[in-house]
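Q: Take a look at the letters that make up each chain.
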Amino acid sequence: MTAWDLAPRLASALITGACMRLPEGRGGERAREWQAELAAILEDPAIGSRARRQVRAVRFAAGQRRTMRRLTRPTGAERARQVAIRAAVVTAAAAIACGVAVLLLDPVASRAYSDSAPIVAVEIWIAMLAAVAGLACTALVISLGLARASSRVRQRRRRRQSVSIPRPARPPARRMSRTGRAALVTMVAGVVFLMVGGVAGMLGYATGSGASAASTALSDIGGLAAYASWASLGLALILGIAAIARWLWRLARHIGPPRPRQPGRAPASMNLAAASAPAADQAAPLRVQPEDTSRG
Amino acid sequence: MLLNFADICRITAVRMTRPLERLLTTLVADPGTHWYGYELMKTAKLTSGTLYPMLARLEEQGMVSSEWERSPAVAGRPPRKYYRLTGEGARVARRRLARTAGKVAARPVTGPGLAGSS
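Chains D and V are the protein sequences, given in the same order. Here the first sequence stands for residues 1490 to 1785, numbered as in the numbering used here. Here the second sequence stands for residues 657 to 774, numbered as in the numbering used here.
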């Protein structure tokens, strides 16, 4: 794969991702149509350089993807749930980034000449940011869990009252691979475990530091949660690397747009006009564009 | 007959926006022409994300019909989908464009530069 192949493949992948959001039956046809336009843009002699053609193709594909995202965005409770999940992932990532920054700064800060050195203050601030982000992530995860549990209880109650519950609409196809999703879930779980461990450890310390059974139990919980968090974060790192490697491998292996099926009329569901348009509308032959004929 | 009547009723419910106006102007300028999406994008100066949802809506309303290219001009190139105004679509588009042009012409011209000119 050369550098010139990267942009067409990226554009093709964007279009495939955009069409995955469409209902079954429509996505395939739209993908064929847009991949054909992509091929035309990449060979358009009216656009001067190859680089500009590639940029135009990526812009075309990105526009389709953006619009499909906007048009197929869920609404109501499902939208709120998705926003909360995204916020949990972002805050978990922020907590990890701040934590890593603290670990990197720590050797420098420990060599500072005094506790009032600016580097020590910076380290403390970043550590506080990490804690705030981690706690926010934990709060979001807990609220998501509570919302899920309450909706299940409500569903069960309705079932007992034999009220017919309409099935929720099937969400669009998932865009992220299972490995990627697993990486994000383990990352969030790692941060939540770390926060739980931290809070349990602090509570154990506050209640007497091993003097009572409660403080010992809290310290043990803290220790276990800390081990679980390190295991989760390690697993998240491995899964994240695997997901990125898989995505790059698929991008490199993707030779071009999928081979179109036999050309023919669009399905009846997509072409209501064909049934009602006058016959004269259909009779005119297709005009071949001048730029098409000039291509080799 | 009933189907045609229903289609006409649906067609009249087109809400005119600036991008739609540009698209219809392009299509009405040469109603017999088959256009492909990229060509429409360039001519009407619309982005891909704006054009295709509009085309899909117009197609559902029966104003535009689409057809797959039967034999691509260049071997190996995937066939394209071509769009064109239907007969009824052209009539409705002309009417709507004329109405929009009338509204624009009837709008009072006001502005700081024109305040003292009358």
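Hints were generated in silico from the structure; no laboratory data involved. Please read all numbers here as calculations on a predicted model, not as lab measurements. Treat the hints with caution; some may be incorrect.
Result set (SDA-like, lysine to any residue): computed pairs, CA atoms no more than 20 Å apart in a straight line [claimed, not checked]:
hint: 1; chain 1: V; residue 1: K701; chain 2: D; residue 2: R1541
hint: 2; chain 1: V; residue 1: K701; chain 2: D; residue 2: R1542
hint: 3; chain 1: V; residue 1: K698; chain 2: D; residue 2: E1532
hint: 4; chain 1: V; residue 1: K701; chain 2: V; residue 2: P728
hint: 5; chain 1: V; residue 1: K698; chain 2: V; residue 2: A712
hint: 6; chain 1: V; residue 1: K698; chain 2: D; residue 2: A1535
hint: 7; chain 1: V; residue 1: K698; chain 2: V; residue 2: P709
hint: 8; chain 1: V; residue 1: K698; chain 2: D; residue 2: A1715
hint: 9; chain 1: V; residue 1: K698; chain 2: D; residue 2: V1674
hint: 10; chain 1: V; residue 1: K698; chain 2: D; residue 2: V1609
hint: 11; chain 1: V; residue 1: K698; chain 2: D; residue 2: P1596
hint: 12; chain 1: V; residue 1: K698; chain 2: V; residue 2: E716
Q: Out of the numbered hints, which ones does the structure contradict?
A: Numbers 4, 8, 9, 10, 11 and 12 - these are the hints that the structure violates, sorted from lowest upward.
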